[in-house]
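In order, the protein sequence lines correspond to chains A and B.
Going from the first sequence to my numbering is simple: count from 1 and add 8.
Going from the second sequence to my numbering is simple: count from 1 and add 49.
Keep in mind that the hints were calculated from the coordinates and are not lab data.
None of the hints are false.
Distance condition first, Cα-Cα at most 20 Å in a straight line; then the derived EDC-like pairs of lysine to aspartate or glutamate:
1. B:Lys182 to A:Glu73
2. A:Lys130 to B:Asp83
3. B:Lys166 to B:Asp102
Bear in mind that the values here come from a model prediction, so they are computed numbers and not experimental data.
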Amino acid sequence: MGCNGLREIHVSDVTAAVKRLCISANCNVPRETISALKRAEKAEESPVAREVLKQILENHRIAREEGVPACQDTGVAMVFLEVGQDVHLVGGDLYAAINEGVRQGYTEGYLRKSLVDDPLFKRMNTGDNTPAMIYVDVVPGTNVKLTVAPKGGGAENMSGIAMLTPAAGVEGVKRFVVERVQKAGSNPCPPVVVGVGIGGTFDRVALLAKKALLRPVGSHNADPTYAKLEKELLAEINKLGIGPQGFGGRATALAVNIEYAPCHIASMPVAVNLNCHVGPHESVEL
Amino acid sequence: MVIEISTPLTEETVARLKAGDNVRISGVLYTARDAAHKRLVALIAEGKELPMDIRGQIIYYVGPTPARPGMPIGSAGPTTSYRMDSYAPLLMEHGLKGMIGKGSRSQAVRDAMVRFKAVYFAAIGGAGALLAKCVKASEIVAYEDLGPEAIRKLTVEGFTVVVVNDIYGTDLYEEGVRRYRIG
Ligand code: SF4
Numbered sequence: 009m010g011c012n013g014l015r016e017i018h019v020s021d022v023t024a025a026v027k028r029l030c031i032s033a034n035c036n037v038p039r040e041t042i043s044a045l046k047r048a049e050k051a052e053e054s055p056v057a058r059e060v061l062k063q064i065l066e067n068h069r070i071a072r073e074e075g076v077p078a079c080q081d082t083g084v085a086m087v088f089l090e091v092g093q094d095v096h097l098v099g100g101d102l103y104a105a106i107n108e109g110v111r112q113g114y115t116e117g118y119l120r121k122s123l124v125d126d127p128l129f130k131r132m133n134t135g136d137n138t139p140a141m142i143y144v145d146v147v148p149g150t151n152v153k154l155t156v157a158p159k160g161g162g163a164e165n166m167s168g169i170a171m172l173t174p175a176a177g178v179e180g181v182k183r184f185v186v187e188r189v190q191k192a193g194s195n196p197c198p199p200v201v202v203g204v205g206i207g208g209t210f211d212r213v214a215l216l217a218k219k220a221l222l223r224p225v226g227s228h229n230a231d232p233t234y235a236k237l238e239k240e241l242l243a244e245i246n247k248l249g250i251g252p253q254g255f256g257g258r259a260t261a262l263a264v265n266i267e268y269a270p271c272h273i274a275s276m277p278v279a280v281n282l283n284c285h286v287g288p289h290e291s292v293e294l
Numbered sequence: 050m051v052i053e054i055s056t057p058l059t060e061e062t063v064a065r066l067k068a069g070d071n072v073r074i075s076g077v078l079y080t081a082r083d084a085a086h087k088r089l090v091a092l093i094a095e096g097k098e099l100p101m102d103i104r105g106q107i108i109y110y111v112g113p114t115p116a117r118p119g120m121p122i123g124s125a126g127p128t129t130s131y132r133m134d135s136y137a138p139l140l141m142e143h144g145l146k147g148m149i150g151k152g153s154r155s156q157a158v159r160d161a162m163v164r165f166k167a168v169y170f171a172a173i174g175g176a177g178a179l180l181a182k183c184v185k186a187s188e189i190v191a192y193e194d195l196g197p198e199a200i201r202k203l204t205v206e207g208f209t210v211v212v213v214n215d216i217y218g219t220d221l222y223e224e225g226v227r228r229y230r231i232g
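Produce the complete structure using the sequences and hints provided.
Here it is in structure tokens:
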């Protein structure tokens, strides 16, 4: 504890944690996702789809036991921090420390480097998977919660955003979300996890959808009306018939997670961000 | 039932494969993604020779993770295929017989498969750890500067895929969804 009541955390601890989480998240598919995949395998009607789910579960077991990335697309490193306002980060630049953790994790952990420096003209690989996409929230308290969520390109490319009018209502939201998943088809490696953001502004709604994917598969929004909408959307999506890998079947999605925020009287933004059946993320408290 | 095939693919082998078939491939796969395809197609346009003979061969759309010491390859599952759609027909015209990736292809690619008698297989996306077990050897053939996007020659055994598009114009994604869609 510093003399002014602040808790000091050295940024090298952040580097070490980011490095460890980059490697671990890519090799360890979340337990809740595995359970959902097992349930989907039992419930699946299509024999081809059952075989696919069996192989996916086998893949995730090998990845965990042998410390191999579950998917070769080890993604862009999304790093979310919740920093207690009574924390004093010392020893250097926080963002540089995070990127150093990504660099070490992706290099020493034999993860794929999938970032280009310039999106349009040069598209040169940066060589160490930096920079990370970093989001920091300031919260009460003296802790730092760190989440690393590697995000693959296949599922990310199938995301979408719509600035609906309030008149579109629940039906408008449902139609947009289901259509997104339908259009995505086999591309995001179904069974998918569907992150939905509703409300906020154009920029905020995309972040809500992404943050919804950080919630464990099988959890529900604390608000019962949104929890009900999550269940209804999941049922609708699983009628599409896309199934595991798009070969046809029941399990198109494992979960729909919704996060919402207040918005302008004239607006109703909706965003969909998809995760594949790997959908890695892992957190730690410093 | 699982059909065992080996590379290079012959006309007879390709003719035998039907959408929905489970197939195990043994032999050689060449890896290539967006950037490598761009270069291959540019070479053809300039009338130059390709770094490998693609006649009868299969291209696998993959950018693996780096191999750990002593391993032939890292995690090695398929990448999304539609990004290669604008390049694929020209390669088929020059003798390519198979492609492995994930996700559906454009109508132009599907037409080219019927015309040039080539097959599109899907491997399970996100099963990179499992698929890597079928890779016995890997060597870089071209474009090392592209890192994970370099062209590699993979020697595989029992590499598990499903036929999505056969030479008769059938598409597994369409058939599958039609069968299991409700309402
Ligand atoms: S969508 Fe997910 S499982 Fe599929 S290739 Fe990308 S990261 Fe891997």
